[in-house]
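Visitor: Listed below, chain by chain, are the residues.
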Amino acid sequence: AKAEKVKIGFVTTLSGGPGVIGKDMRQSVEIALDHLGGKMAGVPVEVIFEDDQVKPEVGKQKTEKLVHKDKVDFVSGFIWSHVVLAARKTVVDAGKFLIISNAGTSQIAGRLCHENIFSTAWQNDQVPMAMGEVLNKRGVKSLYVVAPNYAAGRDMVNGLSRTFKGKIAGKDMTKWPDQTDFSAELAKARAAKPDGVFIFYPGAHTNAFIRQYSQAGMTRTPLYSVFSIDSLSLPRLQEANTTAVLGTYNTQFWSPDMDTETSRKFVADYKKKFKSYPSHYGAQSYDSIMLIASAVEAAGGDLSKMDAMRDRMRKADFPSVRGKFTYGNNQFPIQDFFLREVVKDADGNWTTKIVQKIYEKHQDPFAEKCKMKKTW
Amino acid sequence: MVTWTLVFEQLLNGVQFGVLLFLLAAGLTLIFGIMDLMNLAHGSLYMLGAYIAATVTHWTDSFLIGLVAALPATLVIGIVVEVLVLRALYRRGHLDQVLATFGLILFFNESVRLIWGPAGIQVPLPDFLNGSVDLFGVPYPMYRVTVIVAGLAVAGFLYWLVVKTRLGMLIRAGASNREMVAALGIDIKLVFTLVFGLGAALAGLAGALVGPIRSVGIGMGENVLILTLVVIVIGGIGSIRGAFVGALLIGVIEILGRAFLSTLFELVLPSNAAETAGPAVASMLIYILMAGVLFFRPQGLFPARTG
Amino acid sequence: MALLNARNLVVLATFALLALAPAYAAWVETPFYLDLGRRMMILAIGALSLNLIMGFGGMISFGHAVYIGIGAYTVGICAFHEVTSGFVQWPLALAISAAVALVFGVISLRTRGVYFIMITLALAQMTFYLGISLDQYGGDDGLTVYAPSDFAGLIDVDDDLSFYYVVFVLLALCLWFSQRLIRSRFGMVLQGARQNEGRMEAIGVPVFRYKLTAFVIAGTMAGLAGALLANHTDFVNPEMAHWTRSGDLIIMVLLGGMGSIAGPIVGAAAFLLLEELLSGVTEYWQVIFGPFLILVVLYARGGILGFLSRKDGGDG
Amino acid sequence: MLSVRDMETSYGASQVLFGMTLDVAAGEVVTLMGRNGMGKTTTVRSIMGLTPTQGGTVVFDGARIDGLPSYRIARAGIGLVPEGRQIFPNLTVRENLVATAHNRLGAARPWTLDRVFDRFPALAARAGGMGSELSGGEQQMLAISRALMTNPRLLILDEATEGLAPRIRAEIWRCLAELKADGQAILVIDKNLAALARIADRHYIIEKGAVVWSGSAAALEADPGLQHRYLGV
Amino acid sequence: MAEPMMEIRALRKSFGGVVATDDLTLDVGAGELHAVIGPNGAGKTTLISQLSGALMPDSGTIRFDGRDITRMPPYARSRRGLARSFQITSIFPEFTALDNVALAVQAHDGHSFSFFRDVRREARLRDPARAALARVGLEARAEVTARYMSHGEHRQLEIAMALATNPKMLLLDEPMAGMGPEESGLMVDILKGLKGEQTILLIEHDMDAVFRLADRITVLVYGRAIASGAPEEIRASAEVRHAYLGEDETV
Ligand SMILES: Nc1ncnc2c1ncn2[C@@H]1O[C@H](COP(=O)(O)OP(=O)(O)OP(=O)(O)O)[C@@H](O)[C@H]1O
Ligand SMILES: Nc1ncnc2c1ncn2[C@@H]1O[C@H](COP(=O)(O)OP(=O)(O)OP(=O)(O)O)[C@@H](O)[C@H]1O
Ligand SMILES: [Mg+2]
Ligand SMILES: [Mg+2]
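Residue numbers (the numbering used here), protein chains in the order written: chain A, 1 to 376; chain B, 1001 to 1307; chain C, 2001 to 2316; chain D, 3001 to 3233; chain E, 4001 to 4251.
In case anyone wonders, no lab produced these hints; they're calculated from the structure.
Wrong hints could be hidden among the right ones.
Restraint-style ranges between C-beta atoms, simulated for each label pair [what the hints assert, rightly or not]:
1) B:Ala1088 x A:Gly348: 50 to 60 angstroms
2) D:Gly3128 x A:Thr243: 54 to 64 angstroms
3) E:Asp4068 x B:Leu1190: 32 to 42 angstroms
4) B:Asp1061 x A:Asp257: 27 to 37 angstroms
5) B:Ser1271 x E:Pro4073: 47 to 57 angstroms
6) E:Glu4239 x D:Leu3105: 18 to 28 angstroms
7) A:Val355 x B:Leu1114: 36 to 46 angstroms
8) C:Tyr2165 x B:Leu1269: 12 to 22 angstroms
Treat the numbers as computed from the prediction; the structure is a model and nothing was measured.
The beta carbon of each residue, even a glycine, is placed where N, CA and C say it ideally should be.
All chains should be modelled from the sequences, with the hints used to inform the complete structure.
Guide: What follows is the structure in structure tokens.
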């Protein structure tokens, strides 16, 4: 029978500094709901947001609450790997769908894959792997690597090493999350005279790094980054007039200038409503809601039809910001990755622009560790 | 590939980092060491200093005005906090103070998020501070040099204030026995309020100075608080001299550890072991240092001479 | 003092509530309360253990979460290597936390006061960074505990309800143990050493040994909480040992009332309930929670239980 | 000069002073006697505003001072040598003396560092040392000197000779006698009856927080029964 | 003279430039009440602290009851029967008077690694503790929290704690300080009662008491013993009068 309401629990970080990511995700979910007219298959949708405080235990408890108290049908969101890892079992044991909007942990892409878990993002390694290819193409022979010393940081460096063929002239794994002074690393990097510097810094650390990068007089060395420079950090960098960031390169599966119908509409409406560019976090969250909508449509609003919903989602048959893509056996996207450059837009705002497609239909390397077989 | 100019530059980096820590540590050692108030919210004042300086800089387009505005603003905030909350807690144990100032941290962090949003602010540097100067053949950012100079000046001022002036004596006397100081005709409440304000303003100054280098964001206070506590504990709680030496020590060791530890490990360990051990040990370095110092000198390097 | 004063009533009520929570959860069909209650009780065990050394022994440890982390990691790593028997995991968790507490205690108990706070913090941070660098066990991403502790069918930790009561009974046991401990000779020495360590030595007590023993007992009890927490979250991660978690434990103890044996339990319950309720009201809940803590300090000296016993006209 | 009327003071629920009443005139030396725990120290603390009172008035130099914060009471001209010395352990001897020194009331022959060091050479010898390093007796001298350095009009000494060597004790009595000769008013608490008798103008004997006997030094000396009953000698 | 209970040989302790104990040699015979007097800052408390183990001497030896205890930690000395009282009151402020004393008894009743039995029901701790309180005249205050007692009562409690353990030797640092005449009288009586059974090293500025109690008196000045002998000899010594007693102090 048709459900009275589609309930979606959305776990993200709303408090503290990282709350800026959660805010972008929430706003994007709102846009998605606007586009859906607040209904899926004619059934009204309710999204309940919960704050994980970047703590696994809290994330787990909030998920418990969503599943067992609010009785949601889908749990989505999750920025952080450790939070989703802690929350995963609660959702799966309750027989609900878990739609991951960001965290790209190799564990869930591999050994912990599950028929009820889908990602609308990527697996961590893919983006730096794409960057490795870019560096090869651009003839970078020696590279200085700086990244924080935690799981995602090490994933990024490993991902890069999978494809980058040149020499790593030096590598610094910095203290996480306390360290926001990079003078020691920058002095070393300058002394090493590399062809380029590769960084990965999520959140506020990016700004600190890039500003010190330019203060240290490193601007002549090209800067390559992953997940560091995006629509959340660029306005801040512009505020401080850190021009060093203009013209630097990064890789991603999406960019606000992406030329798909859904993306154009999403970005335009987001800009209209919130006066800024959405980030990839937002784009992924938008897709999460749209993926869920497609599942609810397939079941005709009857949320007990798990198999029908799952089959539909596996087909990835919904208007995604990235255009058409497919799901791999681990239910992570097989998708294209692009090189982006930081530029000024027509209004003088700083944003990213797609320069080149690096990977076509790329699948993450952990899919083979997933025991599920692709039957769709 | 370690050259002497690189080592020298890293030393400068260490000193600069140390000086910044000193600004925080000096205020904390006054409040915590001398007034015996365990103030976890010291980091919050640092954060507020940074936010206020950043905001004023954006309003006025002048970093200098922003910097100068942060001082009285944090002074006043400090005084208000002292009068409303902390004044009642001097006689209580450290734990009550921990609980209350933890409450203050939560309050300040969330208030900042309400007022400024979660994203943080960036502070542009004025052009005249943006270049670099040549220090013995090493091009070093002008701004970092400015920070070093400012910090040293404050250090001198504080040493004079606490050790040489009557106000300094009263602060120290009040720390050991408030009641007696009052019974001898001194308005000790006022003295403490002023000292707290001074400590707050120093934290605010550190925050304002750090804005153009690092990012200004929520929670910036807590990380630095721990580091600051480490500094004053190594130096000996309540000793301005200890705070100074401790801050420089931590600054230099932290930077040198980050800079050269991995290289050092590569000389003695197989390369993949060195790759994991290097950053891990660099992260722990200051804690190892502190544990070591306390193991051999349980009162820190310069034990404040109390009874 | 009357047995049924407000203070004892609150403790009894807390226990009664915890005992009946599953029934209520079942009645309103909200198993979530079970989860919340369980987490409360697990953290209460942690807070209880901290109170032993902090409230009674005057040793303010800013690294107590480390033992919770170690207990949890022991279970997690055992499970990772497919050792799932609880009869192996749990005693091992207790033994390892005890051993670590012994080593850390020997190092840190040389210092006093704030220096002690800081050295425990330093040791905790080192452990934390060690956890982050443990790549094979997931680093800071942590480790999923694939299989719950297995007690050969005697107790089913995977069943929410029976695990709930396991935790409940363990909490009650810990409380009972603490109560006896504090009133024993050992407890007197512990409390005496807090009040006047020099005098304690002068009357012929080698204080260090007793403090160290208390430190190890508390570490072991926290290790138990850790083993439980691993089974509760099915997930372990270095975050569990972070200094902010040790801070949370301290807050729980203070909120409930330091120096009263049951205080930490009330404190843990109040802490988590407030967090749950307030965060439901506004995402800016800490703007309320922060000042609330300050008010507790200013107007309810001795935490919630202290406040109640004063209302009672007790002598504090 | 000082006039205390019907003072009531409690610590929490337990009341210690029950209508304490006493006077000190300008230039007079008055003693407060009584057995341990009878409320002598509490009286002094109440006068100084260190312990809140529940009733009664304190008038000093014609102005009411009860309820004022202690620093204002001290500034009005009362100098305290507290029970148990309470010197500042983390200050040097010299700092202990100068930190709170003042001559607010414009004493004609103010106490200065030199004068104090003259009076107590033992302190001069340890001037640069920390308060915490002094022996018990040295601390006591420091506490007296510190109070003198505020140049009070009324000096209150609570067991100021406790733990002093006989020679120093004698010296302090001599010093008090000199102060008295200079017209300094003094309220003194001490167990050394013989010495008190020599210097004091009047005595108060208190028991259970109230005055049970007051009168001149001569009257007390003449009444051994009184001494036995209230002072246990 | 009987076998000395305590032999101090060439003891030396300095703090920076201050020599607080200067080559001090001293015997205290078993059962003797030996008073040490001297000006303030002469090094009396420093001496007691070294005997009790709170301070380590720079050089010299201390033998107690036939054993060298120079480097023994304080608790071990206490166990061997050496008890001290403190010049500046040192008690357990949050315990009742009775608990304070019972804790002292407990410290001498084997180890305290007993985790389950309620101490407040242990008669073997409580009874001797009550007796000790009674001895110093505090029995009526047994259940009062120590913090709420007056200064004089603290002094009495201090002595009760030292007495409670039936030590072989008592080190008393100004036990009469802060006591009223009546309490002082009581204390003299207590000490008189102990004389003969117990060896006592007494530091006191109350000359009345010293001359009434002491078997022998040693006068310490600047860390050195300038005189040692029977009370009459000391009283008669011009040097002592000059250094310590003062000319006009009548005793
Ligand atoms: N802080 C306190 N809290 C509770 N009761 C106290 C406090 N201080 C003193 N008392 C009690 O008040 C009474 C009077 O104490 P006070 O110190 O005034 O006596 P005193 O006459 O100075 O005695 P002493 O000669 O021993 O110094 C005593 O019974 C004491 O136990
Ligand atoms: N910790 C210390 N540091 C430096 N000097 C000290 C220390 N302890 C004591 N002294 C000094 O050593 C000398 C002896 O002190 P001690 O306390 O033993 O004297 P005392 O004979 O007990 O005097 P009193 O009768 O006044 O109590 C004094 O001059 C004192 O200032
Ligand atoms: Mg008194
Ligand atoms: Mg002495």
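Visitor: Hint numbers the structure violates, sorted upward?
Guide: Numbers 3, 6, 8 - these are the hints that the structure violates, sorted from lowest upward.
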